Each structure stands twice: as structure tokens, then as C-alpha cells.
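S.K.: Using the sequences and the hints given, assemble the complete structure.
2 protein chains.
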Amino acid sequence: MRAYLGIDGGGTHTRSLLISETGNILGRAVVGPSNVQQISSQALRSTLQQLLNLTFINLPDEIESIASCFGLAGAASAHNKEDIHATLGSLIPVPSEPPKLTSDAHIALVGALGDCPGLMLAAGTGSICLGRDANGIIHQTGGLGAVFDDLGSGFWIGRKAVQMSFQESDGRRPSGPWQSNVLRLLSCNTIEQLQCKLKTGDINNSHVAALAPMVMQLSLEGVSVAADILNNAVRELVAVISTTYGKVKLRTAHLVLVGGLLEQSELLRDQLSAALKIEEPEIQIQKSLMCPIAGAVVIACQESNNSVPNELEQALIALGTDSSVITR
Amino acid sequence: MRAYLGIDGGGTHTRSLLISETGNILGRAVVGPSNVQQISSQALRSTLQQLLNLTFINLPDEIESIASCFGLAGAASAHNKEDIHATLGSLIPVPSEPPKLTSDAHIALVGALGDCPGLMLAAGTGSICLGRDANGIIHQTGGLGAVFDDLGSGFWIGRKAVQMSFQESDGRRPSGPWQSNVLRLLSCNTIEQLQCKLKTGDINNSHVAALAPMVMQLSLEGVSVAADILNNAVRELVAVISTTYGKVKLRTAHLVLVGGLLEQSELLRDQLSAALKIEEPEIQIQKSLMCPIAGAVVIACQESNNSVPNELEQALIALGTDSSVITR
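Line order of the protein sequences matches chains P and Z. Residue numbers for the first sequence follow the numbering used here, so the first one is 1 and each next one is one higher. Residue numbers for the second sequence follow the numbering used here, so the first one is 1 and each next one is one higher.
No wet-lab data here; the hints were simulated from the structure. Note that the structure is predicted; figures quoted are calculated from it, not measured. Be a bit skeptical, because a hint or two may be false.
[Stated by the list, open to error] Taking lysine to aspartate or glutamate pairs in the DMTMM-like style, the calculated list, with each CA pair at most 25 Å apart, reads:
id, chain 1, residue 1, chain 2, residue 2
1, P, Lys81, Z, Asp115
2, Z, Lys249, Z, Asp115
3, Z, Lys81, P, Asp170
4, P, Lys287, P, Glu266
[Claimed, not checked] Rough simulated footprint, nothing fancy, chain Z against chain P, three-plus residues with beta-carbon under 8 Å:
id, region
5, 143-151
6, 234-245
Glycine included, each C-beta is placed from N, C-alpha and C at the ideal position.
M.R.: This is the structure we're talking about:
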């Protein structure tokens, strides 16, 4: 029996799915982060080894070979891509084809759209838009990093919240809801402690991005600065979509929204949808076909066979679109 | 003979000045960075040891005791302030009083204003405004870190330039001067390389801040985006000055401009001066009295004696205001 292994590695969790060519789930697991630009090679290796040990724990004897695809955050622009790639194959405990290494955004695109042309906006801690044109070529806009790019992302929104709290703390901004909420949500007693934890990395980009729901809540409560932040985020997200739409050269295009920021916030989805109707009326928002990890399995399968067996495809679609659910 | 030791530690250089109570320079040196939040404790210790070895190389026998002040970037909010403080004393090779540890902004304020009330805006890689009120109390605005604050700083301006180059590279912005200039100035061949070096820290905050003169140049050449970036920087800098002015409760206040960004760019100084005339006409820009390292010596002296001997003060003023000059 042939089997396929998909890995979805992000800044918070890394998930695996081992599935047979007939669509039987053979193993699933979830461990900690594997953003290749935020952890050492050694930590990456140990995280993936732990993940694969859990995935292959009940390995059926009849597996003959495995094709795999690792979609890891930060992999697209990693300087040590070849080293990472060399590591991956040695971690799989059964005979396997050379693993495919790609970005988490790429597997999300394939999960979102299957083989169809279209657009995917992923917005969680970071933000990126990928589009697949009629020739199957993938175009990227944004997603070049938290500090210098990823406009409109969770980190981008959370950073504004931290900025507002800093400005409240030293009188640049009148007293308001920012300082108290940010300190509470990031478990700090004082602004000095917050500043210090941000510098040491005790508070990381994911923690900052987790402030985004607070900004949405303040916006709903009528805090105008919060509403401005969200309006700007929506404008930036529309800009990356518009640019990608221009690149794929499709008259009408389907757009799938993925990532924690968009999945958790109806407010942001509604605002984005309204702005798109005005700016790009030819773009139609649709639901994701599969979850990102199913996208990784599809890529593994295509790299190995050039096609995905129908039974397997149906099983991947049946998994649903929420990769955070871990059931067997 | 008594002597005083001043240390000015920043993100790029660390400078020392050893001077006798009669104003004779006994030692001066300059080594690499000592921002306590960007380098390890071990690296800080070795940098300061190297600096002091160079400073005390021709130590006259007649020195009986030394009072010292270390003004180090990041020291105000360092989590390991007590550890750093404990290290400092052990590095001085002659009997010394317990060293004073403070921030580089504090010594710059004392250098800029001497004992007078007033305001100091420091803008280099970072930005901060300090004000001393009529009771001698020091008030701070801004300066809470590169990624989340330090609005209008060199890093803030340089980050916008990197953002523009990213946006040019993937079509969010039409082709223009940003990508080619940023890649050249940061010694990168491709946007991928730039992105990678920013993530690994091969390109650090100082390198990004060093893009600010390019933005000034583009503004002078009529690039409207560059002019917008500088206008926004000036607006942010005026905001920190205004807030600090409100805190010091002085009717008219002197303001001293220090730091590489303001010292190097006449354009930015002129724009800031024009904006201040409109926003805060009671603030008068004046020249710095002494350089930051002289401010460190003044603090060392005041902590030890409560006053600065006249001869010493005149010698410190005679040093000039440019601490980058290393002469004996």
C-alpha cells in the first residue's frame, strides 16, 4: 500500500496527516511551532522528529512507500533551505521518496482551491496573498515578514494596539482603554515590563497578534481609533488582493480567506467583503475546499503520481476545512 | 588626584572619557556597540573591558579614586539592570566609587542642557524626548523600542524605505527608485536576500536606519512618497516634543536636537524647526552645551561631589558637542 504524508508547520503549531491512497487516515498529530526562521535547525529537527514519532505510532505493516510534502512557515525564503530539505527525508521511518519542501502558504493555497485557478488571502499572525493563474503558475503578494511587511495581519493590528498603549502610558494619547487591556492580555503589570518582555522575546509575534480580537471588540464598542486600525488593515488586505488579482489575469476570480485572523473575526470578514465589492466587484469570496494539511497531501501525491486518486480526494475534502480539529 | 570616567554606549559605538578634576584628559577610547538589550551580558562585559583597557592604557600613578557614570542604550528598561551594575565596578582598574548606571538618553540630556531646565530630542537609530522641569525632575516621552515605538526615528524612516522596496518588488507599487537604492545600500542582490538578511539579523536596526539619508535625497529629488515619509516623521517628532513640553510646565523652553539623524540632515532639522514654529512657538531650538559623554562625566561628578569644579566644566564644554571626534 502507498501512503501520503502532509505536514503543516506554522509559528504556533505543526500538524501532520498520514493517509493511505484509498483515503484511510493512518496517523495524525500536532506539536509546537516550526517556523524555520524563528527556531534553530536543531529545534526544527527535534520538533519534526517528535511529530513523526506520534504520526507513525500505529504504523500498519503493509505501507510500502511514502510520498511527503512539508509546508513550513518561512521555508520559501530560508537561507538554509537545502539543509532543511536534507534533514526531512531522514526523519521518515519507512522507505520514502525525497520529500517536497514548500511554504505553509503554498499548501494552504492548494487546500483552499484544489487545482482551480483563483486567489487565497491568508491572514493570521502574518499576511500573504497567493494567486494561481490559468496556466497553474502561482503569484505571491506581500508576506515578506512581520516587521517590514505583512500589512493588515494579526501582528500588524496587535502592534498598533501596543503602540496605543505606549502612547497612553507617557501622555502622547489621553487615557483610554489601550494600556489596561494590553497589559492584562499580555500578563504584564507595568509598561516597563511589557517593553522588556517584547525586547527579550518573552512576548513574541504570535502573542502580539493575539491582541487583534481586542481591537475588534473595541471597534464594536465604538472606540474610533480601533475602528481606524481595522479600516486600515482592511485597506492593506484589499491592496494585496487587488495586486494579486492583476497578476493572475482572470476576469472573474474566486477568493478563499484562510488563517486565524479571518476565521475568528466575522467583523473583519464582513468589512473586507464590503470593501472588495466596491474595489474589485469581479472577485467572489468562496469557502475553502480543504484544510491546508490536505493541501500538503495533494502536493505530495501530485509530485509522486501527477494525479490524486478520487477516493483520496474525497477523503481529504471530507476532513473539513478546519485543520485545528484533531480526530481520527 | 581625583578623576572622572564617562561612558556613552550606543547601538553602534561605545565611547569613554577619563578626565581629571582639573580638566586634563587622561584617556579616551571608542569600541563597538553596547546596547544592553541587543547584546549578551558576556559580550557587554568584554566590550566594556576592551574599552576600559584602552582608556586606562597610560594611567598616571597619581589617580587616587575614580567616580564613573555609564550611559548605556537600553539600560533604563533592562531586566538585568542589577547584574549589569554589579559588573561595571569590577572592570575599573583603580579604586573607584560604585559606578552610576543610566541610559544614553539621560547623559545626552545632561550634556545638551547642563543643569538648566529644557527639552532634548534625540533621534538616531531610535528616538526619544526628555525634558527637565524647574524642579530638576526628568520626564520621558517615546523611546520605547524600534519595532513598537521610536516614531520618526532613523529606523522608522529606514523601515518605510524597506517597505516601499518590498512593495515595488511584488507589484503593489509601480516601479520606482526604492528597490534599486535599498538593495544597493544594504549590499543585497535580490529582495529574497534582503528579506532573509533582515530575518537573520545580518541587516540590523542600525543598517536600516542608515537608509534615512537616501529617503532625504529622494525627497529633495521630488519623489513624493519620500516627502510624505519625512513629513510623517516630522509630525511624530513634533508630537513627542509637544507632549514633553506639556510635562515640564515651562512657559518658554529651550530644545536641543541631538543624535545622528538630526545632526546629519539639514533638511529634517529645517522641516522640524518650521513645524515647531507653528505648533509650539514658545519652544526655542538651541545648540547643545556639551556632547553626551561630557554629560556622563557631569553626572559622575555630581553623584560624587554634588557639584562640578569650574575648571572641569570649562574643559568639558571645550570638548565640543560632537562626540564622534576622537582626539587627545
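S.K.: Take the hints in turn and mark each one as holding or not.
M.R.: Now the hints, each set against the structure:
The straight-line distance between the Cα atoms of P:Lys81 and Z:Asp115 is roughly 57 Å, outside the 25 Å bound, and the hint therefore fails. In summary, the hint linking Z:Lys249 to Z:Asp115 is supported, as the alpha carbons are separated by about 17 Å, within the 25 Å threshold. Distance restraint check for Z:Lys81 and P:Asp170: the Cα-Cα separation of roughly 22 Å lies within the 25 Å cut-off, and the hinted pair is therefore satisfied. Restraint check for P:Lys287 and P:Glu266: the C-alpha separation of about 14 Å stays at or below 25 Å, so the hint holds.
Proximity of the region 143-151 of chain P to chain Z, defined as three or more residues with a beta carbon under 8 Å from a beta carbon of that chain, is established by the 5 residues found. By the rule of at least three residues with a Cβ nearer than 8 Å to a Cβ of chain Z, the coverage given for the region 234-245 of chain P holds, with 3 such residues.
Of the numbered hints listed earlier, the single one contradicted by the structure is hint 1.
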